[in-house]
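Enquirer: Can you make the complete structure from the sequences, with help from the hints?
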Amino acid sequence: ILNVEQSPQSLHVQEGDSTNFTCSFPSSNFYALHWYRWETAKSPEALFVMTLNGDEKKKGRISATLNTKEGYSYLYIKGSQPEDSATYLCALLFYDKVIFGPGTSLSVIP
Amino acid sequence: DTAVSQTPKYLVTQMGNDKSIKCEQNLGHDTMYWYKQDSKKFLKIMFSYNNKELIINETVPNRFSPKSPDKAHLNLHINSLELGDSAVYFCASSHNLGVTEAFFGQGTRLTVV
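The listed protein sequences derive, respectively, from chains A and B.
All letters in the first sequence, in the order written, are residues -18 to 91 by my numbering.
All letters in the second sequence, in the order written, are residues -15 to 97 by my numbering.
Simulated from the structure, these hints should not be mistaken for lab results.
Some hints here could point you the wrong way.
What the hints assert, rightly or not - Here are a few chain B residues that face chain A, going by a calculated C-beta distance under 8 Å: (1) ASP22; (2) PHE26; (3) LEU27; (4) GLU42; (5) PRO45; (6) VAL83; (7) GLY89; (8) GLN90; (9) GLY91.
Keep in mind the model is a prediction, meaning the values are calculated, not measured.
C-beta atoms are modelled at their ideal positions from N, C-alpha and C, and glycine is treated no differently.
Expert: Listed below in structure tokens is the structure:
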């Protein structure tokens, strides 16, 4: 069974700090990697879809990179704000399955 | 306008009953999914349909049966409900098997008593 891991499991940062977390995977046979932001009591919200080794995506203060050769994707948040507090999930899409990581829980302290 | 809508939002039912959860998307997507959020809050794929055709069918009990009457709908029917079926179920949709971002419904919290 393929394991998608995310680290750290949880993170507390001060408002204004920049932070990053990792999604790591042992296989590159997927065709897309998704990052989601999931606030408590809401549904996951798509952040990025990454498909190629070396992909870099940016949306405002949040950006992501993908390295399929070494088996990781990074998500960066610049100048964290309290509204960034959420769980960040990555998911790998294969033709016959979708595997989510366990998530990184981010708390931004005002 | 809600992009992906699931009904009902909450469902409380007795063991042994049969129930359905409906999902509709108005985004024109061709791929729809059902996910189960397990007790550890992990999201696990159950089924995926592309253009009404079943493409992902994970190891779930055959009491769970998806039905896609058209591209905009993917309903989940559950027979003979068991206590362990209690969970939050999410529907989602995307284009082209997920090479574009997926949009999730608000979730259905199923409680089996």
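Enquirer: A separate judgement is required for each hint: does it hold in the structure or not?
Expert: Hint-by-hint comparison with the structure:
Evaluation of the ASP22 of chain B hint against chain A yields a violated restraint, the C-beta minimum of about 11 Å exceeding 8 Å. Taking 8 Å as the C-beta cut-off, the interface hint given for PHE26 of chain B holds, the closest approach to chain A being about 6 Å. Below 8 Å, beta-carbon pairs count as interface contacts, and LEU27 of chain B has one with chain A at about 4 Å; its hint therefore holds. Hint status for GLU42 of chain B: holds, given a least beta-carbon distance of 7 Å to chain A, under 8 Å.
About 17 Å separates the beta-carbon of PRO45 of chain B from the nearest beta-carbon of chain A, more than 8 Å, and the hint is not met. Restraint check, VAL83 of chain B versus chain A: the minimum CB separation of about 5 Å is within 8 Å; hint holds. The interface hint given for GLY89 of chain B is met, as the beta carbon of that residue sits about 6 Å from the closest beta carbon of chain A, less than 8 Å. Hint on GLN90 of chain B holds. Least Cβ distance to chain A is approximately 5 Å, under the 8 Å limit.
This hint holds: GLY91 of chain B has a C-beta 6 Å from the nearest C-beta of chain A, less than the 8 Å allowed.
Consistency note: the structure conflicts with the earlier hints numbered 1 and 5.
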